[in-house]
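Chains as they are written, first to last, in the working numbering: chain U, 1 to 378; chain D, 1001 to 1378.
Quick caveat, the hints were computed from the structure, so don't treat them as lab data. It is possible that part of the hints are untrue.
As the list claims (entries may be wrong) - No farther apart than 25 Å at their CA atoms in a straight line, the calculated lysine-lysine pairs in the DSS-like style are these:
| # | chain 1 | residue 1 | chain 2 | residue 2 |
| --- | --- | --- | --- | --- |
| 1 | D | 1313 | U | 75 |
| 2 | U | 313 | D | 1054 |
| 3 | U | 76 | D | 1297 |
| 4 | D | 1015 | D | 1368 |
| 5 | U | 313 | D | 1295 |
| 6 | D | 1015 | U | 82 |
| 7 | D | 1295 | U | 75 |
| 8 | D | 1082 | U | 295 |
| 9 | D | 1076 | U | 295 |
| 10 | U | 313 | D | 1075 |
| 11 | D | 1313 | D | 1288 |
| 12 | U | 244 | U | 313 |
As the list claims (entries may be wrong) - Just so you have them, the derived chain D footprint on chain U, three or more residues with Cβ under 8 Å:
| # | segment |
| --- | --- |
| 13 | 165 to 174 |
| 14 | 287 to 301 |
| 15 | 319 to 330 |
From the three backbone atoms N, C-alpha and C, an ideal C-beta is built for every residue, glycine too.
One letter stands for each residue in the lines below.
2 protein chains.
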Amino acid sequence: MKLQFQLEKKEKNTKARLGSFIYNGKTYETPMFMPVGTQATVKTLSPEEIKEIKAGIILSNTYHLWLRPGEDIVKKAGGLHKFMNYDGPILTDSGGYQVFSLAKNKKKDITEEGVFFKSHIDGQKLLLTPELSIEIQNKLDSDIAMSFDECPPAKADYEYLRKSVERTLRWAKRGKSVHQNNNQMLFGIVQGGPYQDLRELSAKETVKLDFDGYSVGGVANDNESKEDMYKAIDYSVPYLPENKLRYLMGIGEPIDLIEGVIRGIDLFDCVSPTRLARHGHALTKFGKINLKNAKYKEDFTPICEFCDCYACKNYTKSYLRHLIVSEETFGSRLLSIHNIRFLVHLMEEIRESIKKDNLLMFRDEFVKNYYGEKYEQK
Amino acid sequence: MKLQFQLEKKEKNTKARLGSFIYNGKTYETPMFMPVGTQATVKTLSPEEIKEIKAGIILSNTYHLWLRPGEDIVKKAGGLHKFMNYDGPILTDSGGYQVFSLAKNKKKDITEEGVFFKSHIDGQKLLLTPELSIEIQNKLDSDIAMSFDECPPAKADYEYLRKSVERTLRWAKRGKSVHQNNNQMLFGIVQGGPYQDLRELSAKETVKLDFDGYSVGGVANDNESKEDMYKAIDYSVPYLPENKLRYLMGIGEPIDLIEGVIRGIDLFDCVSPTRLARHGHALTKFGKINLKNAKYKEDFTPICEFCDCYACKNYTKSYLRHLIVSEETFGSRLLSIHNIRFLVHLMEEIRESIKKDNLLMFRDEFVKNYYGEKYEQK
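Only chain U is shown next, with the shape it has when bound in the complex (with noise of 0.2 Å):
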């Protein structure tokens, strides 16, 4: 059966919305943080692991699973779920981002039909199409699906917009018509860049297609500036019905996260938590650390001494630091099951600021903890 998101409450000084949903018997709350786990796993983690940081829904993608090991085994083996032994909900993306981040140096073609594009494995010509995705998605069987969309490079000037919101939506359209999948949430996504009339055109025609969910998305290119992302998300969210998921594609930056969220955002996801892990980084109320810093070598407390995850209550950052120095898996290992409940813990410190409506002041001690009195609001 489909996710059935439910509006809780809405924060009185802002757009900030707490949501739920009931997913396997359990109750899920948003606006939540989704940890991705690109190619069927989260990087380091077991799915037990994913559970005890809390975490809600992750993020796998279609253009990974659609390569390696090819959605057809997936299917066979029972979907996503059994095959990676995961009973929490996940959301797909496209593939529509990878096929232009990942053959960002290689010869791709967008063309009406779709995305030509060599693969990143072996660099197989291939084409995704808006179709295809979806009938990916449908034989993954993830419990959120979302739309092919065309994601416009940074800094695109707004006639190029203009026509990729066109295409977008004619793609949405294609896709939502071959989605095949009952038990799926299959979510529309606003383009538009920064401009307010083309994410009002984007966001008024997705909505009448009727999706499950909507998303803002074009948000996260590495070059783009939060005005714009704030202007992206304060453009889209006025057109969005209320009672459907609204989720910010590719954003974990934690200001972010409350920024998003103060406008009206319900779910997030982003790669930054296991690869800061991986360089040796982590999140704390004080901002984020870098392990590798040689103070750390004799320093025998944990990261984070109020935190509840298991890095913590376990290992000083000394060892952390030695692993991490030593180039020892386990050190990721830790220092994701850390960073990702930081976000998740980020999120439900969020929550119960909507549910007292203060979460400006939230906000406000958090970045002056975060990132100090010189942060300026944007």
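Starting from the structure of chain U, add chain D where the hints point.
Positioned in the frame of chain U, the structure of chain D alone reads:
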């Protein structure tokens, strides 16, 4: 308090022995296979996972911990157990093997004082002596420390080995004289290659120094023949006291574990289960399999149907293959769990066979399954 080894039973038809010791209130049985945690971590695994697969003693490397993070940091952390959060028994090697093997292609200089060599990390010139090795191990506070021995190259001639045995004896004496950790056993090492008289000399003289246990060394060189290994054991064991542990260093091939036990060995260690895991190999009753093989693409059965490990209870060969091929560390983590569990379980079966006095029958049955009918017993 030091481990107290208790000899429980001798097998009727071989030199195999069943033994036990109590550690932290828990009883452990020998013969036992010890997984290797080179850098204060059994690669990819948590201490809880090590316990779940019922491993007992783990081995950690003095050489590595001396260079990084340094024994003083481990001591400040409260010793190796606290540093790595493992409350089971830990054995540290002497660093003798590493200064020979890791400095292999670099300049090394063996003198009476010790071994001068260059660090494999930064090329720094260092000197490891018998005294320093013991002092480092005292600080690491492992439960079993090893004497610093000279590891002769493979195929060393008789004259080289004779001198090496004599030097190893002098080094053993020097190391023992500085050993100051009353909670730590100290083992002596028998050398002498495949020569009966040298093994006899080495064993008798080492035993005169009265160590807490004894190791048969010089058998883990890559191009050592099985025949020479079995000779080394057969020529050493008769001179070792019955009431003390006997440890065959660096050996983990299943047949060698069985043959070692048959010849009177109690402890084994090897990096093979975790190394094989990283290369996508899994140990099974019917031999080693390579999960990268295309035939496992759609194999939705576990590695071993009857294996009780976490990997076999929850994941299919198809998924494991996908993880390995995709270079996801969760794959080597799952295979490490399985491979170590396989060897730990093999030791459980060996102990069961000692209890029933049918170890030779067990060996023949195991060999038939694992190596096939054509395997020729040495």
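message: Can you confirm whether the C-alpha distance between residue 1313 of chain D and residue 75 of chain U stays at or below 25 Å?
response: Answer holds: residue 1313 of chain D to residue 75 of chain U is near 20 Å, not above 25 Å.
message: Against the 25 Å threshold, does the CA-CA distance of residue 1015 of chain D and residue 1368 of chain D hold or violate the hint?
response: Distance ~22 Å between residue 1015 of chain D and residue 1368 of chain D Cα, so the pair holds.
field: Coverage of the segment 287 to 301 of chain U by chain D (three or more Cβ within 8 Å)
entry: holds (count 3)
message: Can you confirm whether chain D covers the segment 165 to 174 of chain U, using C-beta to C-beta distances below 8 Å and requiring at least three such residues?
response: Violated: only 0 residues of the segment 165 to 174 of chain U have a Cβ under 8 Å from chain D.
message: Between the alpha carbons of residue 1076 of chain D and residue 295 of chain U, is the straight-line distance 25 Å or under?
response: Between residue 1076 of chain D and residue 295 of chain U the Cα gap is close to 15 Å, so the pair holds against 25 Å.
- prompt: Is residue 1295 of chain D close enough to residue 75 of chain U, meaning Cα to Cα at most 25 Å?
  reply: holds, 17 Å
message: Does residue 1297 of chain D sit within 25 Å of residue 76 of chain U, going by the straight-line distance between their CA atoms?
response: holds, 11 Å
message: For a C-alpha distance cap of 25 Å, please report whether residue 1015 of chain D and residue 82 of chain U respect it.
response: Violated, at about 48 Å.
- prompt: When you check the alpha-carbon spacing of residue 1082 of chain D and residue 295 of chain U, does it fall within 25 Å?
  reply: Answer holds: residue 1082 of chain D to residue 295 of chain U is near 20 Å, not above 25 Å.
- prompt: When you check the alpha-carbon spacing of residue 1313 of chain D and residue 1288 of chain D, does it fall within 25 Å?
  reply: Holds. Residue 1313 of chain D to residue 1288 of chain D sits at ~19 Å (cutoff 25 Å).
25 Å Cα cutoff - pair residue 313 of chain U, residue 1295 of chain D: violated, 42 Å
- prompt: Is the Cα-Cα distance between residue 244 of chain U and residue 313 of chain U 25 Å or less?
  reply: The given pair, whose Cα atoms are some 38 Å apart, is violated under the 25 Å limit.
Going down the numbered hints, you'll see the structure goes against 5, 6, 12 and 13, while the others check out.
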